[in-house]
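J.: If you read the sequences in order, they're chains A and B.
Throughout the first sequence, residue numbering follows the numbering used here, covering 135 to 453 in sequence.
Throughout the second sequence, residue numbering follows the numbering used here, covering 25 to 316 in sequence.
Among the hints, a few may not be true.
As the list claims (entries may be wrong) - Pairwise CB distance ranges (calculated): (1) ALA232/B - GLY254/A: 50 to 58 Å; (2) ASP453/A - HIS174/B: 53 to 61 Å; (3) GLU249/B - LYS385/A: 52 to 60 Å; (4) THR292/B - THR417/A: 31 to 39 Å; (5) HIS221/A - HIS174/B: 39 to 47 Å; (6) GLU249/B - ALA427/A: 34 to 42 Å; (7) HIS221/A - GLU56/B: 24 to 32 Å; (8) ALA427/A - GLU299/B: 33 to 41 Å; (9) LYS278/B - HIS221/A: 21 to 29 Å.
Stated by the list, open to error - Here are the simulated lysine-lysine pairs, DSS-like style, with alpha carbons at most 27 Å apart: (10) LYS253/B - LYS177/A; (11) LYS95/B - LYS70/B; (12) LYS81/B - LYS177/A; (13) LYS253/B - LYS173/A; (14) LYS70/B - LYS119/B; (15) LYS42/B - LYS448/A; (16) LYS438/A - LYS272/B; (17) LYS448/A - LYS238/B; (18) LYS142/A - LYS385/A; (19) LYS448/A - LYS81/B.
Claimed, not checked - Sample of chain B residues lacking proximity to chain A, with all beta carbon distances greater than 12 Å (derived): (20) LEU83; (21) ARG84; (22) THR88; (23) ALA102; (24) THR177; (25) GLY183; (26) GLY315.
FYI, nobody ran anything at the bench for these hints, they're computed from the structure.
For glycine and all other residues, C-beta sits at the position ideal for the given N, C-alpha and C.
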Amino acid sequence: MRTISLQKENGFPLAIQAVSVDEVGATERADFFTKRSVKKDSKLAALYLALSMCDLTTLEGSDTPGRVQQMCAKARFPVPPDMIEPHLQKRNLPPIPAVAAVCVYPSMVPVAVKALAGSGIGIASVATAFPSGQAPLEVKIEDTRFAVEKGATEIDMVINRGAFLSGRYQEVFDEIVEIKRACGDAHLKVILETGELGSYDRVRLASDIAIEAGADFIKTSTGKVTPAATLPVTLVMLQAIADHHRRTGKKVGMKPAGGIRTSKQAIQYLCMVKETLGTDWMTADLFRFGASALVNDLLKQIYKELTGRYYYDKVFSID
Amino acid sequence: MSGVNTLKERTENLKIAKTIKLFIGGEFPRTESGRSVPVYLHKTKKLYANVCVASRKDLRNAVTAAQAAQKGWQSKSAYNRSQIIYRMAEMMEAKREEFTESLTATLGLTPVQANKSVDAAIEALVYYAGFADKYQQVLGAVNPVSGPHHNFTSTEAVGVVGLIANEKFDLAAFVAQLAAIIVSGNAVVALLSENGSALLAPLAETLATSDLSKGVVNLLSGSTEELYKQFGLHMELQSLSVQLSDSKKLTELKVLAADNMKRVVWPTEQPVSLEHLMGFVEFKTVWHPIGY
């Protein structure tokens with residue numbers, strides 16, 4: 135097994151074992167989760183949970199304050215309460231949960247802060263020259279500081295894939311450490327952009343480097359590159375988290391992002407997390423979905439469970 | 025070499041029966057439920073083929089496929105839609121033998137009746153193909169209003185339409201209604217009745233080779249009794265065309281359709297007419313201010 139020798143901030147050496155991933159095994163194992171059938175009450179519970187784990191996201195060049203405000207309103211009340219209340223009362227169910235966080239560009243953080251005041255919903259901001267990560271470190275740190283100062287409670291950073299792919303692991307490690315420092319109290323999610331890494335071995339190595347450098351969460355993708363999140367890639371990252379937890383007792387979170395559009399997929403991810411990391415990770419503190427289209431599909435399925443009718447997603451919101 | 029068949033003889037004897045599957049999103053999947061029922065020859069009651077019994081989930085999948093296809097279909101130029109529907113007529117003509125064989129074998133039509141039925145279906149396709157770039161002028165209007173406004177009405181597709189075929193299955197009426205629905209840019213999810221289920225094969229193959237965008241027409245075979253209510257319940261269907269002769273079912277569907285204000289349309293005496301097409305368009309009236 136190859137060992138990557140890095141140096142910690144305090145000068146101490148850090149040895150990371152480059153784990154070889156069994157590609158066929160990972161794919162087979164991930165495929166296994168697509169064959170489950172989760173129904174009725176369990177399905178409803180999973181839908182509620184998935185909804186509470188969503189990072190409602192808008193990361194477009196065309197984002198406007200109005201669009202972000204609209205998204206924040208949806209984050210608080212994914213479905214207008216009076217629209218669903220009668221159905222919930224009939225089944226004696228709790229209210230539909232708000233999403234975990236909204237995810238926006240740094241310039242939109244103030245808008246989100248204002249719109250979400252007092253709601254307890256997290257404000258995640260992408261930073262570090264998202265989505266390419268191709269900017270000088272100073273700029274990335276400044277980008278991060280700006281977002282945190284404006285009120286972001288979570289920072290989604292991208293790793294320097296150029297450096298990673300050319301083997302400059304120390305540079306990648308140092309950048310994450312620096313950004314983590316710039317984050318202060320804000321949670322740091324490290325985006326690996328697995329679609330650009332090319333192999334599960336590299337995904338695993340990037341996960342290990344990010345975790346060792348202090349990531350609170352590791353995240354698959356920016357959503358700007360295909361393939362984005364897939365079950366096998368997420369499984370490889372979850373395994374890295376599991377191994378780290380076994381070694382150190384520290385819990386690192388996971389956020390698959392991009393390409394998760396249906397409730398069916400979301401439930402498959404939840405099963406996989408439960409079976410790889412256990413019940414502790416079945417909370418928005420340690421697991422998130424980076425998605426925007428998923429929310430309406432979750433609502434559609436919740437309505438289906440409550441009313442027996444297939445719904446039209448535009449009923450909930452026109453995004 | 026006596027007793028040994030020649031290659032020619034052997035291949036001649038080798039008859040490959042066609043598996044009749046569903047037609048969803050331009051593909052030919054089996055039903056997700058895995059269920060099938062036999063269709064018997066009308067005369068001898070011997071097995072003709074096995075057909076899929078579509079489930080509620082197949083309907084859902086079909087609606088999803090139709091939903092995805094509808095916008096693209098609507099945005100094609102009217103002239104292009106016309107060409108594609110005309111092409112459907114051409115392909116149906118080319119498949120005439122298959123249609124008539126299926127009609128005579130499973131529905132018990134005489135060859136003359138079967139041919140007439142195919143003729144009428146083709147005629148309906150040509151009729152609506154011709155209307156594709158004309159109905160807008162006929163149905164649209166510039167309205168006289170008192171005031172400084174230019175007021176005009178234009179038509180738009182309603183979206184995804186459910187079509188439930190008649191219990192006895194009338195090919196011409198079914199195809200005519202299908203064309204009336206899609207000509208204005210709607211997508212359709214159609215349920216062939218038990219009697220008509222064997223016709224799914226030639227129909228789907230006609231559609232699949234007509235340059236029609238995938239998912240614009242989706243065909244399900246199965247039990248009308250089991251599925252008709254689901255058509256009424258589904259909130260993503262914006263309109264229903266019900267050819268059932270059972271008036272109780274029609275009433276039930278009207279009640280179910282009220283929840284998301286689906287328009288429910290049922291057949292008239294005429295085989296084809298502009299009125300049928302009107303059942304699947306929305307009218308949009310615009311008031312545009314003008315100066316004096």
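J.: Next, verify each hint and record whether it holds.
T.: Taking the hints in turn, this is what the structure says about them:
With their beta carbons about 52 Å apart, ALA232/B and GLY254/A fall inside the hinted range of 50 to 58 Å. Range check, ASP453/A to HIS174/B: about 33 Å between beta-carbon atoms, so the 53 to 61 Å window is missed. Distance hint check: the CB atoms of GLU249/B and LYS385/A are about 54 Å apart, consistent with the given range 52 to 60 Å. In this structure, THR292/B and THR417/A break the distance hint of 31 to 39 Å, their C-beta atoms being roughly 59 Å apart.
At about 45 Å, the CB distance of HIS221/A to HIS174/B agrees with the hint of 39 to 47 Å. GLU249/B and ALA427/A have their C-beta atoms about 35 Å apart, which keeps the hinted 34 to 42 Å range intact. Checked against the given bound of 24 to 32 Å, the beta carbons of HIS221/A and GLU56/B, roughly 27 Å apart, stay inside it. Taking 33 to 41 Å as the suggested C-beta distance range, the pair ALA427/A and GLU299/B conforms, at roughly 39 Å.
Checking the proposed 21 to 29 Å range against LYS278/B and HIS221/A shows it holds: the Cβ atoms sit about 23 Å from each other. As the CA atoms of LYS253/B and LYS177/A are separated by approximately 24 Å, the hinted pair is consistent with the 27 Å bound. Only pairs whose Cα atoms come within 27 Å are accepted, and LYS95/B paired with LYS70/B is rejected, the gap being roughly 44 Å. For the suggested pair LYS81/B and LYS177/A, the alpha carbons sit about 16 Å apart, so the restraint of at most 27 Å is met.
A hinted pair counts as satisfied when its Cα atoms are at most 27 Å apart, and LYS253/B with LYS173/A qualifies at roughly 22 Å. Distance restraint check for LYS70/B and LYS119/B: the Cα-Cα separation of roughly 24 Å lies within the 27 Å cut-off, and the hinted pair is therefore satisfied. A C-alpha spacing of about 40 Å is found between LYS42/B and LYS448/A, which places the hinted pair above 27 Å, so the restraint is violated. Proximity of LYS438/A to LYS272/B is assessed by CA-CA distance (about 26 Å); at most 27 Å being required, the pair is judged to hold.
Only pairs whose Cα atoms come within 27 Å are accepted, and LYS448/A paired with LYS238/B is accepted, the gap being roughly 22 Å. A hinted pair counts as satisfied when its Cα atoms are at most 27 Å apart, and LYS142/A with LYS385/A qualifies at roughly 20 Å. A distance of roughly 20 Å separates the Cα atoms of LYS448/A and LYS81/B; the hinted pair therefore holds under the 27 Å criterion. For LEU83/B, the requirement that its beta carbon stay farther than 12 Å from each beta carbon of chain A is not met, with the minimum near 8 Å.
Not every Cβ of chain A is farther than 12 Å from the Cβ of ARG84/B; the closest lies at roughly 6 Å, contradicting the non-interface assignment. Non-interface status of THR88/B relative to chain A is broken: a Cβ of that chain comes within 12 Å, the nearest being about 9 Å off. For ALA102/B, the condition that its CB be more than 12 Å from all CB atoms of chain A holds, with the nearest at approximately 25 Å. No beta-carbon of chain A is positioned within 12 Å of the beta-carbon of THR177/B; the least distance is around 24 Å.
A Cβ of chain A approaches the Cβ of GLY183/B within 12 Å, the least distance being about 9 Å, so the stated non-interface status is violated. A cut-off of 12 Å between C-beta atoms confirms that GLY315/B is not in contact with chain A; the least separation is 31 Å.
When held up to the earlier numbered hints, the structure conflicts with 2, 4, 11, 15, 20, 21, 22, 25 and fits the remainder.
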